[in-house]
Amino acid sequence: MSNELNNPFAATDQERQAREKEKFIKLSTQLITWLLVIPVVAIIVFLVYKSWPALSVEFITENPKVRMTAGGIWAPLIGTFFLVLVSLIIAAPIGILAGVYLNEFARDNWLTRFINLAVVNLAGVPSIVHGLFGLGAFVYFLGMDRCLLAASCTVAVMTLPVIITSTKEALASVPMAFRVACWNMGATKWQTIRTIVLPNSISGILTGVILQVARAAGETAPILFTGAMISSRVADSGWDAWVPYGLEDRFMALSYHLYIISTQWQNVPESFKFGTAAVMIGLVIAVNSISIGFRIYLRSRKKW
Amino acid sequence: MNYQVEFHDVNVSYGSDIALRNINLQIPKNEIFGIIGPANAGKTTFLKAINRTLEFIHNAKTEGDILFDGTNVKTIRNVYELRRKVGVVFPLPVGLPMSIFENVAYAPRRSGIHDKQELEELVERCLQQAMLWDEVKDRLHMLGTKLSGGQQQRLTIARALSHSPDVLCLDEFSIAIDPVTTMKIEDVLSELKDEMTIILVTNLVQQARRLADQTAFFNKSELVEYGPTEKLFTSPDNQLTYDYVTGDFG
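Chains as they are written, first to last, in this note's numbering: chain A, 1 to 304; chain B, 305 to 554.
Just chain A, same shape as in the assembly (with noise of 0.2 Å):
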């Protein structure tokens, strides 16, 4: 009681209880997140230590030699990127207009939810069922064949419904008020798209699209039947070298690289294998690191 006069601030025993729940909360979610670190850290140390012999300036610009036993992952990785890019060029323009569609001109009915489930259900689709889909569309229907286009589209619809949920997410961080604002003085919706909606979304438009080079670099099934091949012939040095495939030609990529010598070739050295997933997981890394980078420049450009 006299406690209670002299310390009007003086806990109750409930309130000293909440206190220690919200601790223990606290420190349990801070714990699990922490331990989030771990997995990522072992990864990148233990691919790092095995892949340590092989990794080299050569191993990365010369091609594969002696059945994949000798040289290094040059025809595959230019291949890699090939895909990426060929698939970006497809997937991102179509993927930002649906997304600009989806949140600025949609009115709210069953068509356009309709629209916005198949999206969803599109991005939860396994790879392997795209790779045949792909192979089913592209390879045998539209009459491709198996090559660079055929497998760049395949992944293009792969990574297309995230594009649009990213772009249609940057979109909407948009405040409404600025695009009323706009309509009231006489703009049109698409005026207003253009000079306040994207100007103040782009950056997180292209951290969405950017994301997804990782996703389309890492991804095997895609390619398995639409493109992908063991071993192709690749220049070692001059143009051939840096454009090796035309969008008819089959092509070599990282991720299905990895997968040959690991399972289907003998006698390729282990910090082969290691070296190829730790060029791999560098490649993620580093587009990553660009798409953080966007972030942090689009929150100190924030203008509200």
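It cannot be assumed that every hint is accurate.
[To be verified] Partner residues are not named here, just some residues of chain A that face chain B (Cβ under 10 Å, in silico):
| id | residue |
| --- | --- |
| 1 | 11 |
| 2 | 109 |
| 3 | 178 |
| 4 | 303 |
Source of the hints: derived by calculation from the structure; they are not laboratory data.
Note that CB positions come from ideal geometry on N, CA and C, so glycine has one too.
Assemble chain B onto chain A, guided by the hints.
Quick look at chain B alone, frame taken from chain A:
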């Protein structure tokens, strides 16, 4: 008599919610027309019906005829020109995420004015009318969103004036502005009515009394009555109006 805005048997509903019921009124040109009434009376909906921004609310439905300068707004193909002829200021200030200058130059640019000098003169005139020029003239290229709430509200007034509207709609413009600035803007409004018609929606009944030539009282989606401001405030026809303007409402 030449009316700027006329409502004939206008009904507005949002789905099953009725927002305006059987509204009939005429707003003469070059007048300040005050609209008072409690929350949810349909005052904002009334403004949105004039420039057809109700169309952006997907379940809004408008019936009846609204004439703007004699033309039925339903029949206007170039709705963007209609919206330029109506300047709207909302209760909450919204600075667009661009410079102060670009905020005011936004509408003129969209309607095709690109001459730098013309834009500069226009921006200065609008900012002066909105009582903001002296405070921002040295930093026109600062972000409009970085201004204080009251300054942003005056920025939106400048923006509403930037497309030289025939009608200026002010929806409780003063709730974010200090009293001194409010009085200054009220003076400006009295001058502006030579150039345009002003519709002043306000929660401050005394503001309507100070400024408006005519005043309308809305309650529960209906227009209770309207007429010359002094009459509405001293001897209204309806008991509800009397209770509201004398503060006995509720």
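Worksheet item: Should the hint that residue 178(A) touches chain B count as held when the rule is a Cβ pair under 10 Å?
Response: Holds, because the Cβ-Cβ distance from residue 178(A) to chain B comes to roughly 6 Å (cut-off 10 Å).
Discussion item. Would the hint on residue 109(A) be counted as holding, given a Cβ-Cβ threshold of 10 Å to chain B?
Written reply: holds (8 Å)
Worksheet item: Taking 10 Å as the limit, does the beta-carbon of residue 303(A) come near enough to a beta-carbon in chain B?
Response: Since chain B brings a Cβ to about 3 Å from residue 303(A), closer than 10 Å, the hint holds.
Worksheet item: Going by Cβ atoms only, is residue 11(A) closer than 10 Å to chain B?
Response: This hint is violated: residue 11(A) lies away from chain B, its Cβ roughly 38 Å from the closest one there, beyond 10 Å.
Hint violations for this structure: number 1 only, all remaining hints satisfied.
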